[in-house]
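The primary structure of each chain is shown beneath.
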Amino acid sequence: MLKPLGDRIVIELIEAEEKTSSGIVLPDSAKEKPQEGKVIAVGTGRVLENGQRVNLEVSEGDRIIFSKYAGTEVKYEGTEYLILRESDILATIG
Amino acid sequence: MLKPLGDRIVIELIEAEEKTSSGIVLPDSAKEKPQEGKVIAVGTGRVLENGQRVNLEVSEGDRIIFSKYAGTEVKYEGTEYLILRESDILATIG
Amino acid sequence: MLKPLGDRIVIELIEAEEKTSSGIVLPDSAKEKPQEGKVIAVGTGRVLENGQRVNLEVSEGDRIIFSKYAGTEVKYEGTEYLILRESDILATIG
Amino acid sequence: MLKPLGDRIVIELIEAEEKTSSGIVLPDSAKEKPQEGKVIAVGTGRVLENGQRVNLEVSEGDRIIFSKYAGTEVKYEGTEYLILRESDILATIG
Amino acid sequence: MLKPLGDRIVIELIEAEEKTSSGIVLPDSAKEKPQEGKVIAVGTGRVLENGQRVNLEVSEGDRIIFSKYAGTEVKYEGTEYLILRESDILATIG
Amino acid sequence: MLKPLGDRIVIELIEAEEKTSSGIVLPDSAKEKPQEGKVIAVGTGRVLENGQRVNLEVSEGDRIIFSKYAGTEVKYEGTEYLILRESDILATIG
Amino acid sequence: MLKPLGDRIVIELIEAEEKTSSGIVLPDSAKEKPQEGKVIAVGTGRVLENGQRVNLEVSEGDRIIFSKYAGTEVKYEGTEYLILRESDILATIG
Numbered sequence: 001m002l003k004p005l006g007d008r009i010v011i012e013l014i015e016a017e018e019k020t021s022s023g024i025v026l027p028d029s030a031k032e033k034p035q036e037g038k039v040i041a042v043g044t045g046r047v048l049e050n051g052q053r054v055n056l057e058v059s060e061g062d063r064i065i066f067s068k069y070a071g072t073e074v075k076y077e078g079t080e081y082l083i084l085r086e087s088d089i090l091a092t093i094g
Numbered sequence: 001m002l003k004p005l006g007d008r009i010v011i012e013l014i015e016a017e018e019k020t021s022s023g024i025v026l027p028d029s030a031k032e033k034p035q036e037g038k039v040i041a042v043g044t045g046r047v048l049e050n051g052q053r054v055n056l057e058v059s060e061g062d063r064i065i066f067s068k069y070a071g072t073e074v075k076y077e078g079t080e081y082l083i084l085r086e087s088d089i090l091a092t093i094g
Numbered sequence: 001m002l003k004p005l006g007d008r009i010v011i012e013l014i015e016a017e018e019k020t021s022s023g024i025v026l027p028d029s030a031k032e033k034p035q036e037g038k039v040i041a042v043g044t045g046r047v048l049e050n051g052q053r054v055n056l057e058v059s060e061g062d063r064i065i066f067s068k069y070a071g072t073e074v075k076y077e078g079t080e081y082l083i084l085r086e087s088d089i090l091a092t093i094g
Numbered sequence: 001m002l003k004p005l006g007d008r009i010v011i012e013l014i015e016a017e018e019k020t021s022s023g024i025v026l027p028d029s030a031k032e033k034p035q036e037g038k039v040i041a042v043g044t045g046r047v048l049e050n051g052q053r054v055n056l057e058v059s060e061g062d063r064i065i066f067s068k069y070a071g072t073e074v075k076y077e078g079t080e081y082l083i084l085r086e087s088d089i090l091a092t093i094g
Numbered sequence: 001m002l003k004p005l006g007d008r009i010v011i012e013l014i015e016a017e018e019k020t021s022s023g024i025v026l027p028d029s030a031k032e033k034p035q036e037g038k039v040i041a042v043g044t045g046r047v048l049e050n051g052q053r054v055n056l057e058v059s060e061g062d063r064i065i066f067s068k069y070a071g072t073e074v075k076y077e078g079t080e081y082l083i084l085r086e087s088d089i090l091a092t093i094g
Numbered sequence: 001m002l003k004p005l006g007d008r009i010v011i012e013l014i015e016a017e018e019k020t021s022s023g024i025v026l027p028d029s030a031k032e033k034p035q036e037g038k039v040i041a042v043g044t045g046r047v048l049e050n051g052q053r054v055n056l057e058v059s060e061g062d063r064i065i066f067s068k069y070a071g072t073e074v075k076y077e078g079t080e081y082l083i084l085r086e087s088d089i090l091a092t093i094g
Numbered sequence: 001m002l003k004p005l006g007d008r009i010v011i012e013l014i015e016a017e018e019k020t021s022s023g024i025v026l027p028d029s030a031k032e033k034p035q036e037g038k039v040i041a042v043g044t045g046r047v048l049e050n051g052q053r054v055n056l057e058v059s060e061g062d063r064i065i066f067s068k069y070a071g072t073e074v075k076y077e078g079t080e081y082l083i084l085r086e087s088d089i090l091a092t093i094g
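Residue numbers (the working numbering), protein chains in the order written: chain A, 1 to 94; chain B, 1 to 94; chain C, 1 to 94; chain D, 1 to 94; chain E, 1 to 94; chain F, 1 to 94; chain G, 1 to 94.
I should point out that these hints are in silico values taken from the structure, not numbers from a laboratory.
Mixed in with the good hints there might be a few duds.
[What the hints assert, rightly or not] Think about it this way: if two alpha-carbon atoms lie no more than 30 angstroms apart in a straight line, the pair counts; the simulated DSBU-like pairs of lysine-lysine are:
no.	chain 1	residue 1	chain 2	residue 2
1	C	Lys68	B	Lys75
2	D	Lys38	C	Lys75
3	E	Lys68	A	Lys38
4	G	Lys68	F	Lys75
5	F	Lys68	G	Lys3
6	D	Lys68	F	Lys68
7	B	Lys3	C	Lys3
8	G	Lys75	G	Lys3
9	C	Lys75	D	Lys75
10	B	Lys3	A	Lys68
11	D	Lys38	C	Lys3
12	B	Lys68	C	Lys3
13	D	Lys75	C	Lys38
14	G	Lys68	G	Lys3
15	A	Lys68	B	Lys68
16	E	Lys75	A	Lys38
17	E	Lys3	A	Lys38
18	B	Lys75	B	Lys38
19	G	Lys68	F	Lys68
20	A	Lys75	E	Lys68
21	A	Lys75	E	Lys38
22	A	Lys75	B	Lys68
23	A	Lys38	A	Lys68
24	E	Lys75	E	Lys3
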């Protein structure tokens, strides 16, 4: 299992075909192309200067839109994942 | 439904024709051209270092002026939206 | 009505002719030319990390000097305005 | 009257002749040339993250040395002034 | 023994062969290639502005994925180590 | 008298001859050459975000080593001084 | 005696021969080469925004690894020293 640190999340990409069924169509010409993913795991959140941790706004299973060039790809047990920071997420869907 | 995170908002663009009727005319030669939009959804606000969230100053339905090159375009269920940060909003109209 | 957000202000420019009458003459050769304006509307102020809002130091009707290339021009109901941040204001006059 | 905002100050430049009489001679070859001025007006000070304002260390009438390329020149009622931030002041003289 | 300072950690790299057995395969074409390592020692954590130290989220023995070009290589008593900051760690595995 | 502001200090340079007598020899090839000086006056210290001022660690009369290209030279009543920030000081000697 | 300020430390370099005996071998090809040193003196620590000083994690006599191009060389009473910030230290040894 991949367990992201701090304000990071692990997502699985949702391919364009799925996107169409969920109603999202992203313009090809957009310079910073957003993409859709499904949250697999979330970190414990970033630590504020008063020592408090901020829970992430997204949870396992959420569908999200994120900026295309954000994050780092990893392949784990045969599946490709993307590790993002919560600040790379634009919105949740649903 | 698109639900923006943190201090982000989802807006629908208001076309130039509508703008004229609302009284806003933006000069073509302006380098950083502002634009007009209608707020569709707002995030829960950013988190301060004391753990407190700051509610956004805009609400669903507000008409706003924002900087042209700000934000990311997404198409959801056949409609085009723009996802901005609250700091990209210059003013509300009305 | 334009209502600026946070620490932004909406001003009307005061033309050079008016400036002369008010006593301000700005050198043409200055690289970062300041200009004069009249405050039309002010935002609610920026939010500090302790959650407190800081009221702006300027109020509707104040005459101000600001840096020339600051802000974004908008035209609303036939009048041209400039939307600035309070930090772009150098001084008030009067 | 020019009233500077925040941690800004308005000064009148003190010409080189005066400088000699006050004992300050500045080397011509210095890359960041300091200069001398007299404080005409001071702002209310910057606001800390706890909401407190910090009074400026200089007062009306103080003679100061500041970095040459700092600030913005304005001409008001026939006199040239320079508007600086307090952080551009190196020292007071006297 | 190497004892890292603050929010730093000392890791041993896990070679590609081991990676395959643990199920991680990293794409060769990725620009910022992640890598796998085993935590050997952790620092005492960074100090917040309120004076509190934040314990690291990883412990000795954890397997981690980190960004390839992060950290500094050192060789100590015949073994090669990498010294990273906790912020260079993307996720733990297992 | 020159009275530096905030975390600034005024120093007199100590020439290379004196340096030898005090035991400091600085390599000519060093890119960021440190230098030696004597503290003439110190500011009241910088202001923290809680409103507290931090007294400088150096006092009038201290001998210090500082980075060569730091600070601004001024000539006052026939003597050359250098105005530095405390952060430009590397160490005290003695 | 050299007394470093704030979060600075004074170290003596430990030459490559000594390094071999202590077991550290650093690869020649490393771009940011770490090096080994012995702590001679430590500062009083940096000041947090709440006014508290943070004691350094290293003490006189500690052996440390630091990044090669960090710090400033000085020669004092015939011995060469390096003045670093604590953040330039990667780890202690022993």
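We went through each hint and held it up to the structure:
1. C:Lys68 <-> B:Lys75: 38 angstroms, violated
2. D:Lys38 <-> C:Lys75: 41 angstroms, violated
3. E:Lys68 <-> A:Lys38: 25 angstroms, holds
4. G:Lys68 <-> F:Lys75: 38 angstroms, violated
5. F:Lys68 <-> G:Lys3: Given that 30 angstroms is the threshold and the Cα spacing comes to 18 angstroms, the pair holds.
6. D:Lys68 <-> F:Lys68: Holds. Lys68 (chain D) to Lys68 (chain F) sits at ~20 angstroms (cutoff 30 angstroms).
7. B:Lys3 <-> C:Lys3: The given pair, whose Cα atoms are some 25 angstroms apart, holds under the 30 angstroms limit.
8. G:Lys75 <-> G:Lys3: 14 angstroms, holds
9. C:Lys75 <-> D:Lys75: 29 angstroms, holds
10. B:Lys3 <-> A:Lys68: 18 angstroms, holds
11. D:Lys38 <-> C:Lys3: Answer violated: Lys38 (chain D) to Lys3 (chain C) is near 39 angstroms, above 30 angstroms.
12. B:Lys68 <-> C:Lys3: The hint holds at about 18 angstroms.
13. D:Lys75 <-> C:Lys38: At roughly 18 angstroms apart (the allowed maximum being 30 angstroms), Lys38 (chain C) and Lys75 (chain D) satisfy the hint.
14. G:Lys68 <-> G:Lys3: Between Lys68 (chain G) and Lys3 (chain G) the Cα gap is close to 22 angstroms, so the pair holds against 30 angstroms.
15. A:Lys68 <-> B:Lys68: 20 angstroms, holds
16. E:Lys75 <-> A:Lys38: Roughly 41 angstroms between the alpha carbons, so the hint for Lys75 (chain E) and Lys38 (chain A) is violated.
17. E:Lys3 <-> A:Lys38: 39 angstroms, violated
18. B:Lys75 <-> B:Lys38: The hint holds at about 15 angstroms.
19. G:Lys68 <-> F:Lys68: Within the cut-off at roughly 20 angstroms; holds.
20. A:Lys75 <-> E:Lys68: 15 angstroms, holds
21. A:Lys75 <-> E:Lys38: 18 angstroms, holds
22. A:Lys75 <-> B:Lys68: 38 angstroms, violated
23. A:Lys38 <-> A:Lys68: 14 angstroms, holds
24. E:Lys75 <-> E:Lys3: 14 angstroms, holds
Violation of the numbered hints given earlier is confined to hints 1, 2, 4, 11, 16, 17 and 22; the remaining hints are satisfied by the structure.
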